[in-house]
Amino acid sequence: MRRLVLSTASLALILGAAACASKPDPVDNSASQVSDTGNTNTGPVRESDIETPNRVIDSGPAAGSLEDFRVNVGDRVYFNLDQYRLDADDQAVLQRQAAWLENYPNVRILVAGNADERGTREYNLALGERRASVVRDYLVNLGVSQSRIDTVSYGKERPIAPESNEAAWAMNRNAFTQIMGGPSS
Amino acid sequence: MMKSIAAYLFAALVAVIPAATAQVTVNISEGTLKPTPIAIPVFEAEGADRQLATDITSVIQNDLLSTGLFEITPQSAFIQRDLSINTQPRFADWKIIQTDALVVGEVDRVTIEGVEFIRASVRLWDVYGEEVMRLEGQAGRRFTAKPEDWRRIAHKIADTIYARLTGEDPYFDSRIVYVAETGPKDDRTKRLAIMDSDGANVKYLTSGTFTVLTPRFSPSNQQITYMSFENNRPRVYLFDIQSGRQEVLGNFQSMTFAPRFSRDGQSVLLTQAVNGNSDIYLRDLVTQSTRRLTDHPAIDTSPSMSPNGRQIVFNSDRGGSPQLYVMNTDGSPLTCPSGGRDTACRITFGSGRYSTPVWSPRGDLIAFTKQSRGRFSIGVIGTDGEGERVLTESYLDEGPEWSPNGRVITFFRERAPGAGPQLWSVDLTGRNLRQIPTPTQASDPAWSPLLN
Chain A
1 MRRLVLSTAS LALILGAAAC ASKPDPVDNS ASQVSDTGNT NTGPVRESDI
51 ETPNRVIDSG PAAGSLEDFR VNVGDRVYFN LDQYRLDADD QAVLQRQAAW
101 LENYPNVRIL VAGNADERGT REYNLALGER RASVVRDYLV NLGVSQSRID
151 TVSYGKERPI APESNEAAWA MNRNAFTQIM GGPSS
Chain B
1 MMKSIAAYLF AALVAVIPAA TAQVTVNISE GTLKPTPIAI PVFEAEGADR
51 QLATDITSVI QNDLLSTGLF EITPQSAFIQ RDLSINTQPR FADWKIIQTD
101 ALVVGEVDRV TIEGVEFIRA SVRLWDVYGE EVMRLEGQAG RRFTAKPEDW
151 RRIAHKIADT IYARLTGEDP YFDSRIVYVA ETGPKDDRTK RLAIMDSDGA
201 NVKYLTSGTF TVLTPRFSPS NQQITYMSFE NNRPRVYLFD IQSGRQEVLG
251 NFQSMTFAPR FSRDGQSVLL TQAVNGNSDI YLRDLVTQST RRLTDHPAID
301 TSPSMSPNGR QIVFNSDRGG SPQLYVMNTD GSPLTCPSGG RDTACRITFG
351 SGRYSTPVWS PRGDLIAFTK QSRGRFSIGV IGTDGEGERV LTESYLDEGP
401 EWSPNGRVIT FFRERAPGAG PQLWSVDLTG RNLRQIPTPT QASDPAWSPL
451 LN
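Chains A and B supply the protein sequences, listed in that same order. Heads up: the first sequence runs through residues 1 to 185, numbered per UniProt numbering. Heads up: the second sequence runs through residues 1 to 452, numbered per UniProt numbering.
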């Protein structure tokens, strides 16, 4: 029963999408009206672009891109309440970060330490700085030059999960490795 | 920008009337299960100044009401309607409506060297004692100010009445600096703002381009120290109120935060975090020298100096969780209340985590934020760790700061998850808890000293 409902919904989505794709975009009409009034710089819409799309092969983020770092390496490690120790998962992420940084030696990073909202501002600034420093020290031990790493603490001022519950607080206790100065490739 | 009005504001004698000892007193320490009834009829004025007189009277009433110590007798109950500042009231008319104290005032204008000023005169009567209550030794007071500073006149009058009836130092004519917060939680704009102690006259001091936190006043009233993330380099700054100029304090090589002026205004206590370790430093503003006060692998932060300058209370997790510690400013060992001699003595042993200690201007108490069983509280404790009292509790109560007279604490509260922070105040009894209205959500309030 549930399956049937789902597939009906999917069908509706597909039909809807198809209908949309086959309809001319009203915005395009108004755009061509604008060019009719004498804007010679923009040519008419070339339909051939739509009829023969290039094949898109999703091979994931380009190697060395910010997206590559975020998706394939991991840009955040998470901490337990009041803690700044790196567990095995964190260490695995940081080992991938160090390896990636070895491949792209021109990249600089900013490690930002964050805390959840269940502490006072000033204490959390200190705690965030501790977390950022622990990550930096770990990366340096893996051979990343200290001169490539800056650290900052945002305390509890920059939560990534805005909710107020255990899951959100766990997300917000982190150290975020931000690529600075543009990755080379 | 904010011109000094002190130069234009002075008190003068209205008239000298011989007065015996007055009888109305308000006991502030025990709190008020029964507030003292006080009548404050609208001040007398002529013509267009009647609105001004109404506004001034209203500010005075609100100030006194906000203490929780007074009950304002409603105008509808008044029997005598022909009061004048220069004649004795008919005491029987005020006794019968059970008013203990009566404030009589008038507002007019005066031109001094071609500049127009407003002037408010006030007299305080002890209804049951049937006599005038002397104010600063005089039978009445008169305050003069530029028309735009009319609220300050009202605060000064409220201060005078409060001080006379409670025996406490005044605090209404003061300002509060705070962090104005706007935008979603994960992309918050935080600006410095300043306002009168009752929430009026809000002005923004920074644009919001950079996050700013924890502003605190200097004892001179002219400077604010705060933390800013300008250029992603979190540092302690000084802000000059008169000129609007901002400068980084010192040349620290890494993050500095948690700043607070010493009570003499000559130096700023702050925290520097170096390679994952936060310790406390003292920056001398005159000699431009820096002295390190703690050297411990644990987090040491949130320092606050005692009024006599000899000791510092701070937050440290050296015992495993954030707790309050007291040390000598010169670093010498001290005898701890819990026994033994050490360079720092832990003073909190209750269940929970303690942080943001702030030494009272009277020297006898330390205010703190406490976390216990998933809730946050504001409380006070003796400097020897005795007599802990919790005054408030909510989802998040944080960052206590003292009123200039050490009788009221302001802090910020997020009453429920996601509700956003607002400014509140509570008196030392914990009974008088009030929200201070602000145009936006707000945090990190800090009181200025009393204005001149």
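Simulated from the structure, these hints should not be mistaken for lab results. Since the structure is predicted, the reported quantities are computational estimates derived from the model, not experimental observations. Idealized CB from N, CA, C, for every residue including glycine. Fair warning: there could be bad hints in the mix.
[As the list claims (entries may be wrong)] Over the 12 Å line for every Cβ pair with chain B, so calculated as not near, a few chain A residues:
#	residue
1	ALA63
2	GLN95
3	ALA99
4	ALA112
5	GLU122
6	ARG136
7	TYR154
[Stated by the list, open to error] Pulled a few chain A residues facing chain B out of the computed Cβ check, cut under 8 Å:
#	residue
8	LEU81
9	ARG85
10	LEU86
11	GLU129
12	PRO159
[To be verified] Pairwise CB distance ranges (calculated):
#	chain 1	residue 1	chain 2	residue 2	range
13	A	VAL140	B	HIS296	15 to 25 Å
14	B	ASP55	A	GLN83	51 to 61 Å
15	B	THR54	A	GLN83	50 to 60 Å
16	A	ALA99	B	ARG389	32 to 42 Å
17	B	LEU433	A	PRO105	31 to 41 Å
18	A	ARG96	B	HIS296	49 to 59 Å
19	B	TYR204	A	GLY64	51 to 61 Å
Hint-by-hint comparison with the structure:
1. ALA63: The assertion about ALA63 (chain A) holds, with a minimum of 28 Å to chain B.
2. GLN95: holds, 20 Å
3. ALA99: With a cut-off of 12 Å, ALA99 (chain A) remains clear of chain B, as the shortest Cβ separation is near 24 Å.
4. ALA112: violated, 9 Å
5. GLU122: violated, 4 Å
6. ARG136: violated, 8 Å
7. TYR154: violated, 8 Å
8. LEU81: The hint is violated - LEU81 (chain A) has no Cβ within 8 Å of chain B, the shortest such distance being about 11 Å.
9. ARG85: It is violated, given that the least Cβ distance between ARG85 (chain A) and chain B is near 12 Å, above 8 Å.
10. LEU86: violated, 12 Å
11. GLU129: At 4 Å from the nearest chain B Cβ, GLU129 (chain A) passes the 8 Å test, so the hint holds.
12. PRO159: PRO159 (chain A) check passes; min Cβ-Cβ to chain B is 6 Å, inside 8 Å.
13. A:VAL140 with B:HIS296: 15 to 25 Å: holds, 23 Å
14. B:ASP55 with A:GLN83: 51 to 61 Å: For ASP55 (chain B) and GLN83 (chain A) the Cβ distance comes to about 55 Å; the hint holds.
15. B:THR54 with A:GLN83: 50 to 60 Å: Distance hint for THR54 (chain B), GLN83 (chain A) holds at roughly 59 Å.
16. A:ALA99 with B:ARG389: 32 to 42 Å: violated, 55 Å
17. B:LEU433 with A:PRO105: 31 to 41 Å: The hinted range 31 to 41 Å is violated for LEU433 (chain B) and PRO105 (chain A), with Cβ atoms some 58 Å apart.
18. A:ARG96 with B:HIS296: 49 to 59 Å: violated, 34 Å
19. B:TYR204 with A:GLY64: 51 to 61 Å: Violated, at about 43 Å.
Violation of the numbered hints given earlier is confined to hints 4, 5, 6, 7, 8, 9, 10, 16, 17, 18 and 19; the remaining hints are satisfied by the structure.
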